[in-house]
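Participant: This is what each chain is made of:
There are 4 protein chains.
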Amino acid sequence: MHSNTDITGRLLICCPDRPGIVAGVSQFLYAQGANILDASQHSTDPWEGLFFMRMVFHLQNTAMSPEQLEAGFREKVAQPRQMEWRIDYTDRRKRMAIMVSKYDHCMMDLLWRWRSGELNVEIPLIISNHKDLQKLAAGFDIPFHYLPVDALNKAQQEQQAIALLQQQQTDFIVLARYMQILSPGFVKEFPGRIINIHHSFLPAFAGARPYLNAYTRGVKLIGATAHYVTDDLDEGPIIEQDVARVSHKHAVDDLVMLGRDIERQVLTRAVKAHVEDRVIIHGNKTIVF
Amino acid sequence: MHSNTDITGRLLICCPDRPGIVAGVSQFLYAQGANILDASQHSTDPWEGLFFMRMVFHLQNTAMSPEQLEAGFREKVAQPRQMEWRIDYTDRRKRMAIMVSKYDHCMMDLLWRWRSGELNVEIPLIISNHKDLQKLAAGFDIPFHYLPVDALNKAQQEQQAIALLQQQQTDFIVLARYMQILSPGFVKEFPGRIINIHHSFLPAFAGARPYLNAYTRGVKLIGATAHYVTDDLDEGPIIEQDVARVSHKHAVDDLVMLGRDIERQVLTRAVKAHVEDRVIIHGNKTIVF
Amino acid sequence: MHSNTDITGRLLICCPDRPGIVAGVSQFLYAQGANILDASQHSTDPWEGLFFMRMVFHLQNTAMSPEQLEAGFREKVAQPRQMEWRIDYTDRRKRMAIMVSKYDHCMMDLLWRWRSGELNVEIPLIISNHKDLQKLAAGFDIPFHYLPVDALNKAQQEQQAIALLQQQQTDFIVLARYMQILSPGFVKEFPGRIINIHHSFLPAFAGARPYLNAYTRGVKLIGATAHYVTDDLDEGPIIEQDVARVSHKHAVDDLVMLGRDIERQVLTRAVKAHVEDRVIIHGNKTIVF
Amino acid sequence: MHSNTDITGRLLICCPDRPGIVAGVSQFLYAQGANILDASQHSTDPWEGLFFMRMVFHLQNTAMSPEQLEAGFREKVAQPRQMEWRIDYTDRRKRMAIMVSKYDHCMMDLLWRWRSGELNVEIPLIISNHKDLQKLAAGFDIPFHYLPVDALNKAQQEQQAIALLQQQQTDFIVLARYMQILSPGFVKEFPGRIINIHHSFLPAFAGARPYLNAYTRGVKLIGATAHYVTDDLDEGPIIEQDVARVSHKHAVDDLVMLGRDIERQVLTRAVKAHVEDRVIIHGNKTIVF
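Residue numbers (the numbering used here), protein chains in the order written: chain A, 1 to 289; chain B, 290 to 578; chain C, 579 to 867; chain D, 868 to 1156.
Hints in this document: simulated from the structure, not taken from any laboratory. Please note that a few of the clues may not be correct.
Below, a list of computed lysine-lysine pairs in the BS3-like style, where the Cα atoms sit at most 25 Å apart [said to hold, decoys possible]: (1) Lys561/B / Lys391/B; (2) Lys94/A / Lys1116/D; (3) Lys713/C / Lys680/C; (4) Lys766/C / Lys561/B; (5) Lys827/C / Lys383/B; (6) Lys249/A / Lys1116/D; (7) Lys827/C / Lys285/A.
Nothing here was measured: the structure is a model prediction, and the numbers come from that model.
Please build the complete structure, drawing on both the sequences and the hints.
Facilitator: Here it is, written out as C-alpha cells:
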C-alpha cells in the first residue's frame, strides 16, 4: 500500500506543436493537486512544427503513486497529443558511472562536487583502463574496476563493462577523459546516456591531439566540448562548450594545463544539466532548458 | 467594427503563488484559440510566495479585439487570483525617447541598431542639454530638442521635457549618458520607465567619476550597469551588467575608451529586454525573463 | 636640413636567439639618447631558436633623422645579428583602405572609432563591389569606389583596385565583410597587409555560410576570427578571435545578429593591434605583443 | 667552494624612470653571460616618473654564486640608479603556508594544483581555527595546526601562528577563506606576503556576507577578489578579480555555490602570479607582469 507522500517530478515532453498543449498539461497537473515550480518551452521552426517542454511540479502529501500519476498522464494528456515524454523524480537520485583513463582532473572535479552535495547523484562505480586513479577512487569509497584494453581484448572488456554497468543499474555514464573509443555495440546499450568531454571547441580539432593542433594553427582561444556519444566520433549532440584566451606565449603544455580548467567546468555543467533533466536530444542537437 | 486579424501579445503577471495559475492562464488563452509561443516563470522564496510569469501568445485571424481579450482575462483569470498584469502587443512598437549630453557612443549604438531593424521601437525625439549631437540626430531624421540646464532653470526645463515627452506619447526614456540628475518630480512621471547607463559595476563606484575611482583603487575589471532610475541616485533596480578586463597598463583615458564598448553593449541589452517586455520590476530588483 | 625634433618609434625585430640581443639594442638606443617606453619579447622553442621583440622608444629633441637612426641601427645592431627588423614612427599615421560589400556593421565600427580618435589611421578610400554603402561613406567624407565584380571582369576590376590602392599609398587593407575571394595576384601585392574578418571561430566553419553551419551543428558558442589573408581561404595567420554564447533558442537570423557584435569587436581589436605595430607574422601564426 | 651550475633568476626592479635603465641592466646580465628569457616593463605617469621591470634570465654553467651576482648587480647597476630590487631563483621553491577555516574549496584547489605540479611551491604547514579540514590535509601529508580562536585567546593564538610560520621559514601565506581578521601585529610580520580571497567583486560588498548583499542588491554578476592583506579590511592591493553571470533565478545558496568556482580560480591565478614573481606592489595597487 502506498502511503501519502510528496512527489517532485520533472516532466519532459516533445510533440507536434499546436494550441492547447500547455493548457492540457497544466490542467492535468492542477487536477492532481500539483503546483508547477518551473516551466520552460521551445518550439522549432514552423515547418518542423515541434514543441518541447520541461515542467517541474510538486505534489504535496498525495495518495497517488508515481505509477498512477504517469498512467493518468499517458491516457489523458500524452496519447491524444502523440507526445514523447518522461517524468523523473527528484527523490530518486540518478546513478552515474565514471569511465576514466589516466588524467584525474575531470574525475576529481565530479567527485568533489558530489561529496560537497553540489552534484545530486549516486556513483556506484568507476571503470578505468588504467590503474593510476584507483587510489583516488578509494579515497571516495567508490568501487573501482580495472579493465585494461588492448587490440585483442577490447570486445570482451566492453562486454565486461556493460555487465558491470547494468548490474549497478547505471542511469548514465560520464567519460571523464576516457581515452578509448567505445564501439557501436557499447554505445547502443546506453543511447543518449553517455556524456563525453572533448578537449577542443568542436567542430574544430575533432579527433586526436586537439591541443597540439590548436597550437599549430595558432588560435587565440582554446575550448572544450561536452556532448552525448554517438557512433560518429566527436559528432554527437553538443550539451555545453566554453573557451579560454591564449596567446603566442602558451606552449602546448600550457594549453594542456589551461585546458584542464575548461574541461572540468564544461563537463560539470553538462553533467548537472543532464542530472537535472534539463537536456532533450533532438536529432543531433540538444535543447538545454 | 473590428475585422478579423492576428494578435501577438506578451502577458506579464505577478500574483500570490498557488496551484493552478499556469493552468488557469493557459486554459483561458486556449479557449480564445491562442497558441503559446513562449513562457517563463519564477517563484520567489516560499516565505514571500509570489509568482511571476511571461507568456507570449498568438491568436490567428481572431474576431476579438485586444480590449475584449483583456476584459475577459481580467474577469476570468486575473481578478480571482489578485494578479497584477499587463499585455503588450508586438504590432504596437514602443515609443522610446533618448536623453543625452555630449558623449555619442550610447546614442549612436541605439540609433544604429534601430535603423538596422535590430531594435524594434519608434524614436519620436531626442532631448539634450548640449547641442553637440544635434547633427548626428539629424542624420537619422529624429527631432532633437536642445534644453540646456543650469542651476536656475532646471525645474523649468524639466517641465518642458516632460511636456515634450508626453506630447510624443513616450513609453520609456533612455538616458544614454545624460549627465544631469533628474529630479524626483521628473522620475515620478515615468515610474519604471527610465533606463540609465552607469559607467561602473554597481554598487562599486556609484556617483561621479567612476573610471577615475576604478583606476585609483586598482581594480582588474571595469564594468557598466543599466538600471531603472529611482529617486536614489544609482540605486535603482539593475537590469543588466557586464565587465571588461583591465590591468596596470591602462590609464584613466584607456578605461574611458574600453568602458565605452561595455556601456553601449550593456545599455543595448537592457533596452532590448525592456522593449520585448522581458523585465518585471519587483521591489528594488528585476526579473529578466 | 633636418631640424631638431622628437621621434617616437616602434621597433620590431626577429633574429636567432642568443645572449646579448636586448643589451645590444637597448645600448644602441641609449647611445642615441632614446628612452625605452615599452618592450615585449618572445622566444620560440629552443629547437627553433628565434627571438622576437617589440620596443617603443622616444628620442627627445634629436638632430638625427629617422634615416640616420635606421642606418646606424642597421650597421651596428641588425646586421651583426642577422635581424629582420623595421621601425614605424607614431607621427606617421598608417593609410588604411576598407573593402566592403553590403553589410555595414564592420565598416561603421571602424569609421566611428576613426572619427572618435580611437583608431589612429588615415582612410584614403573605400572600395566596394556594391553601391549600398556609398552614402554612408559620403557621410564620413571618404572617397568611395564602386567596382562591381562578376565572373568576366574580376581580373580587370582587381587590377583597377590595386591601382587605386597603390595611388593612395595604402599601407594595409581591411576586408570589412568583403564578399569576394581575392585572387593570388591581388594578395601578392599586399603580403601580410590584408586583414579579413571571418564570421566563425576558425578553423571551425571555414568557407561559406558559417552561421547556418553553426546552427546545424548545434554549437553553444559562435565566434569570429580576424586573420591575415593568404592564398588559402580562411587559412591565414589568426590575429584575434572571440565568441558569444548561444542556445537552442537562437535561429540562424539570431546568430547573424549576435555575430555582428562579435565580428566588429574582433576586427577592431585586430586592426588596432596592426596599427600599433603589435603583430609579427611568423610562419602561419602571429605574435601579438 | 661553489661548483659550476645553472642559475635562472627573476629580477624585479623599481626606480626613477630615465634613459638607459634597460641598457644598463641588460648590459650587466650579458657581461655575466646571461640570456634574457623574458622581460616586461611599465612606466607610471610622467609626473610620478617611476619605472618597473621584470626580467627572467638564465646563466648556464656559471662559476658565479647568486651572492656574487647580486653583489655585482648592486654595485654596478642598482645603486647608481637608486633601484629597489630583488632577485628570486627558480630552483628555490617558495614556502607557502595556508590558513583556512571550514570551507574546503580554495584549499583543495591549491593542494590539487600543487600535487599535479601546476603550483611550484612547498607547503610546510596549514593553520586552521577549526578541525574540519584536518583529515583533508592529512591526505596530502601536510602538517595541520589547529589553533582555535576566541575573543580571549586571539592575541596568543596569533603569536603561536607567527612562531609556527617563522619556524617553517614561510615565504608567504594564503588565506584560503580564513574567517578571522588578522590583527595589525600579525600583518606587520608578513608585509606584502599575505594573500586573501574575498568573495565579492571589491570594492562592492566589502565586509561580511557579500553573497547575501549581492542577492539583496540584485546584481547580475557576482565576483571574487584576491588581494594582499593590509590593516584596512578588504582594502589591500588587488591582484586578480573575476565574475560570473547570475540572474533572478539564483537564491543566496546558488550564489555561494557559483561563487566557489570563481573564488578558487581567482585565488589560484593570484597565487601563481605571486609564486612566479610577477607582482609588484606599488602603493595600494599592483603591477602584475
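Participant: Evaluate each hint against the coordinates.
Facilitator: Taking the hints in turn, this is what the structure says about them:
{"no.": "1", "hint": "Lys561/B / Lys391/B", "result": "23 Å, holds"}
{"no.": "2", "hint": "Lys94/A / Lys1116/D", "result": "24 Å, holds"}
{"no.": "3", "hint": "Lys713/C / Lys680/C", "result": "12 Å, holds"}
{"no.": "4", "hint": "Lys766/C / Lys561/B", "result": "45 Å, violated"}
{"no.": "5", "hint": "Lys827/C / Lys383/B", "result": "24 Å, holds"}
{"no.": "6", "hint": "Lys249/A / Lys1116/D", "result": "39 Å, violated"}
{"no.": "7", "hint": "Lys827/C / Lys285/A", "result": "12 Å, holds"}
Of the numbered hints stated above, those contradicted by the structure are hints 4 and 6, listed in ascending order.
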